[in-house]
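Novice: Residue numbers (this note's numbering), protein chains in the order written: chain A, 1 to 171; chain B, 1 to 107.
If you are wondering where the hints come from, they were derived from the structure by calculation, not from laboratory data. Some hints could be false.
Restricting the straight-line Cα-Cα distance to at most 25 Å, the calculated cross-link-like pairs of lysine-lysine (DSS-like) are [what the hints assert, rightly or not]:
no.: 1; chain 1: B; residue 1: Lys98; chain 2: A; residue 2: Lys129
no.: 2; chain 1: B; residue 1: Lys98; chain 2: A; residue 2: Lys89
no.: 3; chain 1: B; residue 1: Lys98; chain 2: A; residue 2: Lys72
Which residues of chain A face chain B? A partial, calculated answer using Cβ under 7 Å [what the hints assert, rightly or not]:
no.: 4; residue: Phe49
no.: 5; residue: Val65
no.: 6; residue: Leu81
no.: 7; residue: Ser127
Please read all numbers here as calculations on a predicted model, not as lab measurements. Think of the CB as a built atom: it goes at the ideal place given N, C-alpha and C, for glycine as much as any other residue.
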Amino acid sequence: MAWILLAAAIPAFAQQNFDFKTLDKLGANATNSTNITLEGDALKLATSFLGDEKSSLRNLTGVYVRSFEFAKPGQYKEADLAPLRSYIKTLQWTKIIDVRETEETSEVYIQPLPNNRLGGIAIVSASPKEVTVVFIAGALNLSDLGKLSNLGIPDLGLGRDGKKSGDSGKD
Amino acid sequence: MNLDEELIAALRREAAPENFAAGVLAKTTLAKTPSSRARDWAFRRPAIFALAAVLILALVLPSAIYEYRRQQRGREARDQLIAALSITRVQLQQVQEKIRRNTRHRI
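Can you build the whole structure from these sequences, using the hints too?
Specialist: This is the structure:
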């Protein structure tokens, strides 16, 4: 029992310790940047202003987005994404998508929970002139996600066990 | 004149002047007639109203400002959350498109 509690506590502890501000250096040379950090009371306040959709998002604990566009290639270091990838690895989330093309990579991680729920979702997308990191922590009800399409959440096509059909590889 | 005679002379009862009572009344209760009181109230009323208004504003204004700022913060946070979810959606759509493209290539 103690081991189970310890195993559950380690990812939670690691989650609290990652500083998303360290990703801001990625955008030092960016021409366009989006920097969103919502957690704690600010996140609660945001969801309380959403109207009917708030019930689906009220269990979120953190929303972090860093998106940078560059005028030319080579304006950011791919190595600056390494701490985030290491951090996600410590969380033991499931990598459901890993697309690697010549100059682009896209990774999607989720934390599957019982009862058709997600514990979080992370997206790391990098191309020569653009890099985007999305990290959403907290319980999301998959059955409610369809209702949020007008707010920007698409249907992830996840099955009842919380894994994408045909891809269940764990990082 | 000895002491006894002096005391008798000093303490001798004398009748009050003819208009003494009327004079005293005129200087006390009669001086504050209802009309003069109304004049005083009319003179002080604006100041009392102004004081009441200031007190009410002092009580209501801070909470009104707090609520206004809370609404403003809430709207900003909501907009940020919607932007974050929109970016999430776009990213997932792009990933789906890449998967579709790669799958088509292999076929």
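Novice: Compare the structure with each hint and give your call.
Specialist: Hint check:
no.: 1; hint: B:Lys98 / A:Lys129; in the structure: holds, 17 Å
no.: 2; hint: B:Lys98 / A:Lys89; in the structure: holds, 24 Å
no.: 3; hint: B:Lys98 / A:Lys72; in the structure: holds, 22 Å
no.: 4; hint: Phe49; in the structure: holds, 4 Å
no.: 5; hint: Val65; in the structure: holds, 5 Å
no.: 6; hint: Leu81; in the structure: violated, 14 Å
no.: 7; hint: Ser127; in the structure: violated, 10 Å
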